[in-house]
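Participant: Keeping their order, the protein sequence lines are chains A and B. Here the first sequence stands for residues 1 to 251, numbered as in the working numbering. Here the second sequence stands for residues 252 to 814, numbered as in the working numbering.
There may be inaccurate statements among the hints.
To be verified - List time: in silico DSS-like cross-link candidates among lysine-lysine, alpha-carbon distance up to 25 Å:
1. B:K502 <-> B:K803
2. A:K126 <-> A:K71
3. A:K166 <-> A:K209
4. B:K576 <-> B:K502
5. A:K88 <-> B:K726
6. A:K172 <-> A:K152
7. B:K807 <-> A:K138
8. B:K726 <-> B:K803
9. B:K803 <-> A:K88
Said to hold, decoys possible - A few chain B residues that face chain A, going by a derived Cβ cut-off under 10 Å, partial list only:
10. R253
11. L258
12. R267
13. N268
14. E269
15. A272
16. G274
17. E351
18. L426
19. S429
20. P431
21. W526
22. A529
23. L533
24. S534
25. W536
Bear in mind the hints are in silico, worked out from the structure with no lab data behind them. Just so it is clear, CB atoms sit at the ideal spot from N, CA and C, and this is done for glycine as well.
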Amino acid sequence: MIRLENLTKHFGKLAAVESLSLEVEPGEVFGFLGPNGAGKTTTIRVMMGILKPTSGRASLGGYDVAREPEKAKAITGFIPDRPFIYEKLSGTEFLKFVGSLHQIDSPLLERRMADLLEHFELSEWKDELVEGYSHGMKQRLVHCASLLHEPKILVVDEPMVGIDPKGTRQLKDLFLSLAKGGTTVFLSTHSIGVAEEICQRVGIINRGKLIAVGTMAELYRMARINGGGLESAFLELTRDKEPGAPDTKEP
Amino acid sequence: MRPLFVLLSPTVISWRNELRAGGRARRLRRLALIGLGIGFWIGTYWTIRRVLLYFQTVHDLGAALAYQLLLIILLTFLSMLLFSNLITSLSTYFLARDLELVRSTPAPAASFFYARLITTTVNSSWMVLFFSFPIFAAYGAVFGGGGEFTLWVALVLPLFLVIPAALGALITHLLVYSLPAKRIRDILFFVGLFAFVMLYFLFRFSQPERLVQPETFGHFLDFLSAMETPSSPYLPSTWSAEIFASVLFDKPTDRWFFFALITSYAFFLPLAASWVSAAVYLSGWSKAQEARQGRRPSNLLDRILHWATHPFPPTAKAIMLKDIKTFLRDTTQWSQLFLLLALVVVYVYNFKVLPLDRSPIPTETLRTVISFTNVALAGFVLSAVAIRFAFPGVSLEGSAFWILQSSPISLKSLLWSKFWLNLVPLLVLGELLVFFTNLLLRVPLWMMGLSLVTIFLMTFGITAIGVGIGALYPKFNYDHVAEIPTSFGGAVCMIFSVAFIGATVMIEAWPVYVLAMQGLSFGTVTGAGWILAPSLAGVAVLTVIAVVLPIKLGLKRLEEICE
Ligand SMILES: Nc1ncnc2c1ncn2[C@@H]1O[C@H](COP(=O)(O)OP(=O)(O)OP(=O)(O)O)[C@@H](O)[C@H]1O
Ligand SMILES: [Mg+2]
Numbered sequence: 001m002i003r004l005e006n007l008t009k010h011f012g013k014l015a016a017v018e019s020l021s022l023e024v025e026p027g028e029v030f031g032f033l034g035p036n037g038a039g040k041t042t043t044i045r046v047m048m049g050i051l052k053p054t055s056g057r058a059s060l061g062g063y064d065v066a067r068e069p070e071k072a073k074a075i076t077g078f079i080p081d082r083p084f085i086y087e088k089l090s091g092t093e094f095l096k097f098v099g100s101l102h103q104i105d106s107p108l109l110e111r112r113m114a115d116l117l118e119h120f121e122l123s124e125w126k127d128e129l130v131e132g133y134s135h136g137m138k139q140r141l142v143h144c145a146s147l148l149h150e151p152k153i154l155v156v157d158e159p160m161v162g163i164d165p166k167g168t169r170q171l172k173d174l175f176l177s178l179a180k181g182g183t184t185v186f187l188s189t190h191s192i193g194v195a196e197e198i199c200q201r202v203g204i205i206n207r208g209k210l211i212a213v214g215t216m217a218e219l220y221r222m223a224r225i226n227g228g229g230l231e232s233a234f235l236e237l238t239r240d241k242e243p244g245a246p247d248t249k250e251p
Numbered sequence: 252m253r254p255l256f257v258l259l260s261p262t263v264i265s266w267r268n269e270l271r272a273g274g275r276a277r278r279l280r281r282l283a284l285i286g287l288g289i290g291f292w293i294g295t296y297w298t299i300r301r302v303l304l305y306f307q308t309v310h311d312l313g314a315a316l317a318y319q320l321l322l323i324i325l326l327t328f329l330s331m332l333l334f335s336n337l338i339t340s341l342s343t344y345f346l347a348r349d350l351e352l353v354r355s356t357p358a359p360a361a362s363f364f365y366a367r368l369i370t371t372t373v374n375s376s377w378m379v380l381f382f383s384f385p386i387f388a389a390y391g392a393v394f395g396g397g398g399e400f401t402l403w404v405a406l407v408l409p410l411f412l413v414i415p416a417a418l419g420a421l422i423t424h425l426l427v428y429s430l431p432a433k434r435i436r437d438i439l440f441f442v443g444l445f446a447f448v449m450l451y452f453l454f455r456f457s458q459p460e461r462l463v464q465p466e467t468f469g470h471f472l473d474f475l476s477a478m479e480t481p482s483s484p485y486l487p488s489t490w491s492a493e494i495f496a497s498v499l500f501d502k503p504t505d506r507w508f509f510f511a512l513i514t515s516y517a518f519f520l521p522l523a524a525s526w527v528s529a530a531v532y533l534s535g536w537s538k539a540q541e542a543r544q545g546r547r548p549s550n551l552l553d554r555i556l557h558w559a560t561h562p563f564p565p566t567a568k569a570i571m572l573k574d575i576k577t578f579l580r581d582t583t584q585w586s587q588l589f590l591l592l593a594l595v596v597v598y599v600y601n602f603k604v605l606p607l608d609r610s611p612i613p614t615e616t617l618r619t620v621i622s623f624t625n626v627a628l629a630g631f632v633l634s635a636v637a638i639r640f641a642f643p644g645v646s647l648e649g650s651a652f653w654i655l656q657s658s659p660i661s662l663k664s665l666l667w668s669k670f671w672l673n674l675v676p677l678l679v680l681g682e683l684l685v686f687f688t689n690l691l692l693r694v695p696l697w698m699m700g701l702s703l704v705t706i707f708l709m710t711f712g713i714t715a716i717g718v719g720i721g722a723l724y725p726k727f728n729y730d731h732v733a734e735i736p737t738s739f740g741g742a743v744c745m746i747f748s749v750a751f752i753g754a755t756v757m758i759e760a761w762p763v764y765v766l767a768m769q770g771l772s773f774g775t776v777t778g779a780g781w782i783l784a785p786s787l788a789g790v791a792v793l794t795v796i797a798v799v800l801p802i803k804l805g806l807k808r809l810e811e812i813c814e
């Protein structure tokens, strides 16, 4: 469903992502883990056709993102790490806007909106201007927007930031139920707990390189760790083996 | 077509929601603004009408002078439009924060391009539209344009606005595409350079000194015909002026030809820009995302700055240091100086070539009158500069404003430190400008003194209006620094500055007139001081008001934000 082939992205001299290849099956929840500045957001942005790769290819549902961007985007929902919402629009107006960009016809759109607003407990706020929303409410509105067109693929960058425990629980359940319905979920996160709980497979990226992919069990084996869970495996795998190596730069 | 409307809808709905919102206080403020706008219209209308009527009393030259004025006005508009379209399209196409959202949906690229073009055109043209309204009205009234003229304005103006917008989008696309990623934030530097070169060539082409060298005109009629010929026939401003002139003064030109010309450009350029956009947009935008850069600050500069700001109290000093450093390190900020430079060069050059010696009016008097006009013009230059640099001061705090809000400094000291920071360079600029142009004009001593004092006082008012109104209408969520002055608050600031300059000039006009006339009859003037003193006192009082009032208003607004 998602296919990345030798994806490389350079920012000047810095290689933010380096020949990353990856495949995610339909209906899978894939976790994308890595320390700060590892290249998760960059990978996702290239994957969504927002950034042009330096080299390599990305395809979503069989559509090459560079060559058929509109088709690829039509089947994909995206939740960025720092989402933008028009502050002067109401929740409903915002959703209508996004829905129209996906060319959903209005009776269907109305129905989807009502369902999603209900699900994310935003119904009573839907006619308020977004500038009056709390951080978590904005986050949930973005989640609504990304699901309006019933995407086959959902790409999420750091979904849990700023969401309360109940919301986190619901979000996890949502991802699981989406996956059960056949949607592919690609999820970047810092939270090992989340990855452990809902991801079938996990990829670990460090300094732009994919250093490990597999199910939990496979990762434990790779890290040569018997117990301690994913956290120790993660720390072990992303530990800097060469202390003198140049540091990844933070913006 | 439908995606185009959808893409435009957030902007339109936001405006509507913004208009609907607000209680009594907001509605009152809006009413006050509308009043201010109408007042400004009436003032401009009246001034232009007076000037045009005066032109008509100059035998045979009325229409020619009016035509030249129209050319200059339209050329000024065109260059303003081109500049603001360059900035705005950089923001709307490459820096706006909703781009990620819009680009991750399957909206067709062409609709995206045109939607942004429309936004760009509207955003960067409304101010010109606003200012042009009373001017066209005055032309229509004086020359009896009537319904026909109105119709032609309504036909030509949109075309006139679209051309620079499409050109701006086109140039921005090409620049972003061809510049290395690291340089994209510095784009304004290139735009400035570009504008400078353009201005220079425009000027060389138009050869204003042609009108000045008497030997090129054997005859008054030659002079007249030179006045009636447009200096730069390749500009849309000239085409529009030709059309208007043929309607207003029955100038014998082929207005349909010029209409066809301007129409074809207004349709072709957007199309061309959309092709270019289709080819280069993604690479360009992708590159614009990479445009962050790291640089190591210099130690020496730090020490100089510390030394220069040490007379100020510590908090003010800290704010100033931060502002200066940001200014110097942020190319988007300092590269606007290029435009300033272009403005000043053109300005001074204009004075150098003035045809004073050939005028029928005695030179001494003429010099005085022109020098007095010069003070007003220098005031306009200063306010144009203040709107670029002082006005954005508060907005520049941007999303980091919370740091100041949460730290134990008073907003008052914030505003005052911004005031002093901007005052010093503006003061130097204003004094130099007036001093050198007066030297070129060889004005009498008393006039030199008066000009220097007046511009000194004016600068205080202009700076305070810039900083204060900037705080009154802060725009914290900007995409590009240079778009802050073109916001709504920028227009308000402009109106206030113009009103302040106008009032100052009016207070001094009478004594200057008296003294200039005396100069006419006696050659020298004695006791100039006695005539000037009262009006200088008046100007001083006005200046105090112009300093205190805007800062107070701005302060009140900032305090409201904190609530
Ligand atoms: N626009 C940019 N310009 C230059 N360098 C960038 C840009 N965006 C990211 N980088 C660099 O690329 C590297 C990867 O950044 P990225 O944002 O992909 O990390 P991340 O894994 O998402 O980190 P985090 O967990 O902190 O969100 C970092 O070293 C960062 O400095
Ligand atoms: Mg990230």
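Participant: Hints the structure violates: just list their numbers, smallest first.
Facilitator: 1, 2, 3, 4, 7, 9, 16, 18, 19, 21, 22
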